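J.: Chains as they are written, first to last, in our numbering: chain G, 68 to 210; chain V, 231 to 935; chain X, 76 to 219.
In case anyone wonders, no lab produced these hints; they're calculated from the structure.
Small disclaimer: the values here were computed from a predicted structure and weren't measured.
Glycine included, every Cβ here is placed at the ideal spot set by N, Cα and C.
A portion of the hints provided could be inaccurate.
[Unchecked claim] Straight line, CA to CA, 30 Å or less: simulated DSBU-like cross-link-like pairs of lysine-lysine: (1) X/K88 - X/K165; (2) X/K175 - V/K294; (3) X/K175 - V/K306; (4) V/K797 - G/K121; (5) V/K306 - X/K151; (6) V/K407 - V/K797.
[As the list claims (entries may be wrong)] Pulled from the structure, derived: some chain X residues nowhere near chain V, Cβ distances all over 12 Å: (7) D90; (8) L114; (9) E160; (10) Q162.
[What the hints assert, rightly or not] Which residues of chain G face chain V? A partial, calculated answer using Cβ under 10 Å: (11) A156; (12) G158; (13) T178; (14) R195; (15) A208.
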Amino acid sequence: CGFHLREAKPLSPTLSRVQIEASDPFSTVPLALARALRERGAAVGPGAGASVLKITRDEAVTEPLTIGGQARVQEYRVILRITFELRDADGKVLLDSTTIERQRDYRFDETQALGASSEDERVRDELRREQIYALLRALEAVR
Amino acid sequence: ADTCFGALCQSCVAPLFTPNQTLINEGRDTADTHIEADRYQLGKDGQYSANGNVVMQRADQEVKSESATYQTEPPKAAFPAPLSYQDQRMLATAQSGTWSADDGTLLNQVLFQMRDGRGNGRAETASLAGPKSALTRATFTSCDPAHPAWSLAAQKIEIDSDKQVGRAENVRLQLGKVPIFYWPRMSFPTDAQRKTGFLYPQLGSANDSGFDLIVPYYLNLAPNYDATLKPRYIQERGLMLAAETRYLGEASLTEFEFSWLDHDRKADDRRTSFDFRHQQRFGANWFLNADIRDVSDDRYFEDFGDSLSSVATSLLPSSAYLTGRAPSWTFSVGGDRQEVTDPRLPLNVEPYRRLPRATFDYLTPNLSGPQFQLESELVRFSKDGVDGGNRLDLTPAVIWPLERSYGFLRPKLGYRYTAYELDRDIDSSPTRGMPIASLDSGLIFEREANWFGADGTQTLEPRVYALYVPYENQDNLPLFDTQAFTFGWGSLFRDNAFTGADRQIDAKQVTAALTTRYLDDAGLERFRFSLGQIRYLDPPRIALPGTPLRDEPGSAYVADLELNWTKDWTLAATHQYDPAVSATELSSVYVQRHFWDRGVVNVGYRYRRDLFEQVDVSTAIPIKDNWLLIARVNQSLRDDELLEGLAGFEYSTCCIAVRILGRRYVRNIEGDLNNGIYVELEFKGLGSLGRRAEDFLRRAILGYR
Amino acid sequence: GQSTDRELPMSLKSDTSNGNLEEGRVTLAGNVEITQGSLIIRANSGEILQVDGRFDRANFDGTPVTIEQDIDGQGKLHAEAKRVEYQVEKEVITLIGGVKIDRPRGSMRGERIVYNLATGDMDAGNSGSRVELIIQPKPKTKTN
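Construct the complete structure from the given sequences, taking the supplied hints into account.
T.: This is how it looks when you write it as structure tokens:
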């Protein structure tokens, strides 16, 4: 049915060196993205001919998803939203402003809320990994 | 929302005249003054009178008129005839005016427009000196000056363009011609970007608190420090003092909110709340993030929260952590706690305080070959009236990830060691240790595909995750911060079924999962369907007290589907079927459709077995170009009860927005419903008056713009 | 100064000249220099015309023609133009081509400036071009 193992697609030469500019200095994305880019052979950091990956928005929000009959939260939803754009060394836009959003919900019962904050932390880590994977797929598509 | 903020935009307010873009914006006192005219008249006393479309320019200032006289000592120009004036901050036309090198420009019968933002208006006189302009008997609005929907009429308005703040004296706020508010003195931001909360009273009413009025007063204390005082009068409770301050440091942001109701008539008690937030960076790797919150009693949010989600807050989190990050390690130290704010909750349900709590994660930075990994946590748990304790949890591990374009193999062999020092006197330092072995593997198949009318690729990604953890009895271990994870897609690939470290699942299991995605030519995921299940070779024997062991050979099936057809269509669905009870565990479908630029419809259905079954339909329908019909129904099918109903409209032009909403929502644990009428007048560019409907709308109707 | 110069005698100097005042026309060529009190006009060539024995008109051409004069107690005036036409009776000086008139606190620029000495009027003589006044800032003016 036409499926074949995915061939290696090397990053486009314009991404041989990538400088990551993050809007939120506290975000975990730059470090994780730098590691993933290095694994694919790209150099990361300022330098001659470096194309610039600018992260203009990087949000992680936990908000009530379902509220029950007694006005109590029964489910929380974690939404991770990242918006980025990519320009080459002389400023030409390689990737227009793109948003990658991942969300997942978890049950919440205030009578057993011991582990709520650690579940929230774990879900954010997992969503962040999926987000980085999706971002890389977008970078691999840049020719 | 309208995109008319920022630079002068034609759609909203036509510029008085087309400004000359060639002027240079600085050095007024060192620049030459040029006066061009058709004819000149040289007076004896060194006076020039120019006639015939006179143009005077100096750096960023330009005046055009029919005639002008210029005297050299002291340098002063007079414009007896109607003129147009322009500088880097303002455009104006006036009946006459004078200019002098030393004390600025004075214009009479003025029509003016700010060049950044859309503030404009009229004035009897306008005296412009650098960034400061003082207007007398002036009106200020962001609407079209010909027929302003609203305007501020004041005896005196002073605008500081650098600080982007206006100050006015005996001011009337007029809706059309009708004055609706009066202030002896007030200040207001002249640009919309600076969200400084609300400058005008917020009014609303609800059957549980009666008339509810907030009268904010904005204090612009310094470019990086401002405060908003928000005294709030609630008919059935009394006068509550509230304030928000914000301080922007060089590498820090500090925000402090508090509210203080000395005597709440209805609750016959003092009601207070505060929220202290502080973020600070130290160099490139270290930063402090603190959010300390407190309320006086557990019904505070019920009585004073203005949105359903704030009313439904049952646990109020506070935390403060110093975190350091580097390519190969992450370290954090601090603490957190959760305060019960739900009257129905017995106090023993309050989660343990984790203070101090330190975590340290390490991963060797090499990009290929085996890597050493360490995850560790040291915590002191404490809770009033209950034995607390310290817990150390270490998981050193060796991982050897093999990543290829066509798949991956991630073996991991670790040893989890957990030790306690408990306050209880018997068996006060139990320990637990066991190896954890896991193998995550997957292949990625691809083929060209043409969906949505464009070329792209479809992937087929089988994934197998094997986990082995020997059993060790853990009944003697306390339960500090451990609970079962909500079962879902993530659970299929986790090496523990519990949050926290008090329980480590024993496992001899293999997860089988399949994902197929469609990526468009830009590599963005437009469709994803995943299906997976855990097969237990031996059913797990570790369970939380009171939960039965599961002897079913397989976990619930998990299916996830997400489709982003175009940027206007989104469909997301999840489903979990549990063969153990041969019933659906979780089922949810959500469809969102954007249309006509600002229109949106959301339809959602959510079901969790024995918990809830709800439908949530919300919409914002644009009618003609200024009107927006808004409606939402959140209905519980299980209890056949309305959770939240809302209907209303928004009329919005480029300078004013009127929102009127009727709302009915569950207010408290007894399930009583609260009816609320919300009226909001938003003067675009100046802040809004009325209950903060827009913000709450954005939460109530996902995608409301 | 400007107001008294007209009563003073005028002297003309140039490399060559022909014709004579009695016939009513004198042409001068080469380093022409006319002085009358504080007024000094220098040009490459000039012609002076008399009517009924009285000094009627004078025209000068130069690259450029320069005029200097003391303004009563307010410093010196310095003017330049490619061509200067002086109509004595009407007391009108017309400056044409790259005109610059520098006075102590302001200088004028234009392609054609017609300057009426009696009324002080100055215009572009409907040539469609404009007259520009340029004022340097005082050394230590306050910023505004």
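J.: Each hint should be assessed against the structure and marked as holding or not.
T.: Against the structure, the hints come out as follows:
As the CA atoms of X/K88 and X/K165 are separated by approximately 25 Å, the hinted pair is consistent with the 30 Å bound. A distance of roughly 23 Å separates the Cα atoms of X/K175 and V/K294; the hinted pair therefore holds under the 30 Å criterion. Between X/K175 and V/K306, the direct Cα distance comes to roughly 23 Å. Compliance with the 30 Å bound is thereby established for this hinted pair. Note on V/K797 and G/K121: the hinted pairing holds, with a Cα-Cα distance of about 22 Å set against a maximum of 30 Å.
At most 30 Å may separate the alpha-carbon atoms for a hinted pair to count; V/K306 and X/K151 meet this at roughly 22 Å. Restraint check for V/K407 and V/K797: the C-alpha separation of about 43 Å exceeds 30 Å, so the hint is violated. Remark: the non-interface label on X/D90 is consistent with the geometry, its nearest Cβ contact in chain V lying 35 Å away (cut-off 12 Å). At the 12 Å boundary, the C-beta of X/L114 stays outside the reach of chain V, the nearest C-beta of that chain being 17 Å off.
Non-interface call for X/E160 relative to chain V: holds, since the shortest CB-CB distance, roughly 18 Å, exceeds 12 Å. Every beta carbon of chain V lies more than 12 Å from that of X/Q162, the smallest distance being close to 18 Å; the non-interface claim holds. A least Cβ separation of about 21 Å between G/A156 and chain V goes past the 10 Å threshold, and the interface hint is therefore violated. Against a cut-off of 10 Å between C-beta atoms, the interface hint on G/G158 is violated, since the closest Cβ of chain V lies about 20 Å away.
With a cut of 10 Å, the hint placing G/T178 at the interface with chain V holds, because the nearest CB-to-CB distance is about 5 Å. About 12 Å separates the beta-carbon of G/R195 from the nearest beta-carbon of chain V, more than 10 Å, and the hint is not met. The restraint placing G/A208 at the interface with chain V holds, with a minimum CB-CB distance near 3 Å, inside the 10 Å limit.
Violation of the numbered hints given earlier is confined to hints 6, 11, 12 and 14; the remaining hints are satisfied by the structure.
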